[in-house]
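Model the full structure from these sequences, guided by the hints.
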Amino acid sequence: MTDASNLIQQEVPVTTPAVPDKQAPLLSVQDLHVWFELRKWGFGHAGYVRAVDGVNFDLAYGEAVAVVGESGCGKSSLMKTILGLHRPFRGKVVYENQDINAIGAKGLRWYRSQVGYVQQDPYGALPPFMSLQRILDEPMIINGISAPEERRKRARKVLEEVKMSPVEDFLPKFPHMLSGGQQQRAVIARAMILEPKLIVADEPVSMLDASVRVEILKLLRGLQESHHLAVLYITHDLSTVRYFSERIFVMYAGRLIEKARVADLLNNAGHPYTLALLTGTSEPDARNATMFKEVPPGEPPSLVTPPPGCRFNPRCSRIIQGLCNVKEPPEIEIEPNHTVACWLFANDAK
Amino acid sequence: MSKDPLLNIEDLVLHFRTTQGAVQAVDGVNFQLGFKEAVVILGESGCGKSSLAKAILRLLPRNVQTYSGKVYVDGVETMSLSEEEYRRNVRWVKMSLVPQAAMNSLNPVLRVGDQVAEPSMIHHGVSKAEALNQARKMFQHVGVPVDFLSRYAFELSGGMRQRVAIAMALVTAPSLIVLDEPTSALDVLTQANIFNVLKRIKNELEVSYILITHDIATSSELADKVAVMYAGQIVEVGDSYRFFAEPLHPYAKKLMASVPRLRGTREPEFISGQPPSLLNLPQGCRFAARCPQRFERCVEDPPTYDVEGRKVKCWLYAS
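Residue numbers (our numbering), protein chains in the order written: chain S, 4 to 353; chain E, 463 to 781.
Hints should not be assumed to be uniformly reliable.
Stated by the list, open to error - When the alpha-carbon atoms are kept at most 30 Å apart in a straight line, the in silico DSSO-like pairs for lysine-lysine are as follows:
#1 Lys498(E) with Lys221(S)
#2 Lys716(E) with Lys221(S)
#3 Lys166(S) with Lys715(E)
#4 Lys296(S) with Lys532(E)
#5 Lys716(E) with Lys166(S)
#6 Lys296(S) with Lys498(E)
#7 Lys716(E) with Lys296(S)
#8 Lys296(S) with Lys590(E)
#9 Lys296(S) with Lys664(E)
#10 Lys715(E) with Lys296(S)
Claimed, not checked - Pair ranges (Cβ atoms, derived):
#11 Gln527(E) with Asp288(S): 37 to 43 Å
#12 Leu667(E) with Asp288(S): 49 to 55 Å
#13 Ala719(E) with Lys95(S): 25 to 31 Å
#14 Ile584(E) with Asp288(S): 36 to 42 Å
#15 Glu297(S) with Glu545(E): 44 to 50 Å
#16 Gln602(E) with Pro175(S): 56 to 62 Å
Hint data in this document are derived by calculation from the structure and do not stem from the laboratory.
Yeah, the Cβ is synthetic: ideal placement off N, Cα and C, and Gly gets one too.
What follows is the structure, encoded as structure tokens:
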């Protein structure tokens, strides 16, 4: 379809997606690489696991963005680097114009009070020997809110916001006394207590039952809107994304291969991998039982030795031989605020 | 049901003994399953769906208080068989199980080929070479490369291990396979792949499935029939086309409305409240406390009504 050799020589202009907000982004991830060194016999170098390999994006104030990808695609490493739990191998995480890896221990403490983290497994994330009161007190003590009345006032406010009322009944409870949905609310309350500007939610509903799942998603969405929070929502489930975020990033083998607004991605997905994900997601329909789904063969590549060129090329049915398996595709803007890292769109580049 | 169905369950009860009293995990379940038919048992966690699988296959823990009812497999009543007869003639011969998190239940120190071969050596008494040959055939059916026979479980990806677990359940050619949450820990594309395999096997090997899951959207990939379970009881059973188009029981309706959809404009809803504790079940209809269509009669236990071939346990359908 395209002349492969021509395209290799000619540099396609890389477009950066426009920030929807006028002001500077809240969080900016720039050329982020998170590589983990593999060691041989404990000291010899044996290569790197390239968990995150060249990720760029901006997150505006009050914007909810979902990162969708399969397990092992690097989405958790990306999240942990944003939280400051891993150091980037290369590239920067910039929060309000400050590189979080260059602001020192004190700066990092400030940063962590600005960012809330909602863990995947609420039961594992709540210390079993602490009452809810104590769980909510802890971050406030660490961040210097010493007056007990102030702490109690904040705890009450945040619990009411996550709809755990009557508050007095819940405060003395221990995590095992709460149901799964209530535990997840407690985790959200803890993430919210310092009034952060950014919430990072790692699969917040994947451990919950269908009926509770929607309730938690709606709660998070409500909090995001009322507090003008930026939310980075990490998930593998495309069907819940729509109710939650404005933009979707699709991640595959350490890279963001498609970035778009939710409606654009659902109706006009570009990357063959995104299309496969959309096909693979089931809707409750009895006709499914009589049909076979078209699923790309194989499995995601090893992150130690990723294939040359586009990382999806060994599984892609629309591969352009001599291009896709040789040269990495740039991010190409196929419509406003919609970029795809795929050679199929090289000619549509504006 | 015209002839003898493959599986016929009548009034199956399984209660567990605990220090706080009896947990009524399965409490009077009735349903039938034909040949080459797949039934999905839908329910939230703690509704007793895994216990139902255990009760059907008689894989009981030690603290059983009551285990009663009738299970007919191929016309033969199996509840009255002794444990040894059951093991020889029913389990793994007529029906087998792919347990929950099966991909993590493979033996880490055995080659997967040997593990898949084992059931046919035990149940059909064939030689090891012959059993390995059968295992090879099964690997082809489930789409695992045959050179994986000599690998260990840790060398395979999650999706491949799940396929191996399915091959293990299939190798003795049973007519019924119970799948307990077969894809809940897998990625979207792997899930779609496994369902493709299960659909193909259903046609090629003529097996029936009982699929136990909480995931309504993916359950439609396999279902011929849907049974909705709530607090130890089946509240609705019916053919999948009519169920997915319009569920009848108020709980089933709510459950369907809670499914997030990829497309469409309808906002998903949630069910307020929590399911009752299986230790201390309410009188009357067990869903009544959360039901939007509750009325006076719901304080009595509803019978199961037949609504044009679909069975619903709800007073709303009393004619």
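Results of checking the hints against the structure:
| no. | hint | in the structure |
| --- | --- | --- |
| 1 | Lys498(E) with Lys221(S) | violated (41 Å) |
| 2 | Lys716(E) with Lys221(S) | holds (16 Å) |
| 3 | Lys166(S) with Lys715(E) | holds (25 Å) |
| 4 | Lys296(S) with Lys532(E) | violated (38 Å) |
| 5 | Lys716(E) with Lys166(S) | holds (21 Å) |
| 6 | Lys296(S) with Lys498(E) | holds (20 Å) |
| 7 | Lys716(E) with Lys296(S) | holds (28 Å) |
| 8 | Lys296(S) with Lys590(E) | violated (36 Å) |
| 9 | Lys296(S) with Lys664(E) | holds (15 Å) |
| 10 | Lys715(E) with Lys296(S) | holds (27 Å) |
| 11 | Gln527(E) with Asp288(S): 37 to 43 Å | holds (41 Å) |
| 12 | Leu667(E) with Asp288(S): 49 to 55 Å | violated (25 Å) |
| 13 | Ala719(E) with Lys95(S): 25 to 31 Å | violated (44 Å) |
| 14 | Ile584(E) with Asp288(S): 36 to 42 Å | holds (41 Å) |
| 15 | Glu297(S) with Glu545(E): 44 to 50 Å | holds (46 Å) |
| 16 | Gln602(E) with Pro175(S): 56 to 62 Å | holds (59 Å) |
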